[in-house]
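We have chain A already, so just place chain B on it with the hints.
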Amino acid sequence: MATYTLISSNTLASSTSTVTFSSIPSTYTDLCIRGSVRLASAVQIGTLYMRINAATTTYSWTRLRGNGATASSSRGTTGTEIQIGLQTGASATANTFGSFELYIPNYAGSTNKPFSSFAVAENNSTTAGQSAIETFAELWSTTSAITSLTFSDYGTPDNMLSGSSFYLYGISNA
Amino acid sequence: MAETPTKVVVNCTTGVTEVLPLTAQEIADMETARVAAEDQRAAAEADAAVVAAAKESANAKLAALGLTAEEISALSK
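From first to last, the protein sequence lines stand for chains A and B. Under this note's numbering, the first residue of the first sequence carries the number 362, and numbering increases by one thereafter. Under this note's numbering, the first residue of the second sequence carries the number 185, and numbering increases by one thereafter.
Since the hints were derived computationally from the structure, they do not count as laboratory data. Check before you lean on any hint, since a few could be wrong.
Stated by the list, open to error - Taking beta-carbon pairs under 10 Å as the criterion, some of the chain B residues facing chain A (in silico):
#1 E187
#2 T190
#3 V193
#4 V194
#5 N195
#6 Q209
#7 E210
#8 M214
#9 A220
#10 A221
#11 R225
#12 A226
#13 A248
#14 T252
Stated by the list, open to error - The following residues of chain B were derived to be distant from chain A, with all beta-carbon distances above 12 Å:
#15 A228
#16 E240
#17 L251
#18 E254
#19 I256
#20 L259
Yeah, the Cβ is synthetic: ideal placement off N, Cα and C, and Gly gets one too.
If we strip away everything but chain B, and leave its shape as in the complex, we get:
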């Protein structure tokens, strides 16, 4: 049987450090947090992809107007 996951609690007033087993609720909360973090990460990656696509499109339009690669690069510095 797998060992019960643990948590470390350092009491800063007494100086006592305890290693305690996670409760069933704490294990469930951790799984909820993991799912939420994955959702947040996926949303951030999607946002970044939209920005990257918009930047690529803007650069192409600037090039079509006759700007050189150096001039386009200078706009974002």
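If we strip away everything but chain A, and leave its shape as in the complex, we get:
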């Protein structure tokens, strides 16, 4: 039976630029990261990104997006970080936050690291286009074991607002 173990978590007491889970133990089968973020950028909806092991290369993704008005699909193979998905920005309704979930199987293995991401930006609004959903097929084409994960929008310093939260779980298959 699979079990979820909370490895570490952090809720921001003040705005910050990046959140890093470092020295991730290799003792689990998979990793799951759940979070809730409000970005400091003056937009309704912005993008949260992640770097693995502080790497700035070999990221690629396939994305499906919808916002109640339009739907789209796209693919990216460049970038110094990987998109996790849309989150709520500072111009959205006060005290609203986005949410996201990542699932990274076989994170400590010696093969490339495909994983999934699911993210929602919610504005507590009934207007189409002011909230959105994205889901990703993600790939980090590197065989190293994952030992650290860093989250940021990499747009401006102190880009994630107080109250944003991050939870890192280890999943064991036995």
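Then chain B, alone, in the frame of chain A:
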């Protein structure tokens, strides 16, 4: 004077969480990443505009051939 931007580092082995100031290099890297992300976003929007224009042109040609709006819509479902 503006406060120095910070980063949060959670050590999953020790359980220690630190709030540290960004280094000058990290601030510069963030600006580089911001510019790269804007370039990527602009390129994606340009690609989407090309696709939208091609779709509109194709629909017009199909209509000229005599297909109804419902028939054209059905082709993309």
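_Hint check against the structure, violated hint numbers in rising order_ = 6, 12, 13, 14 and 15
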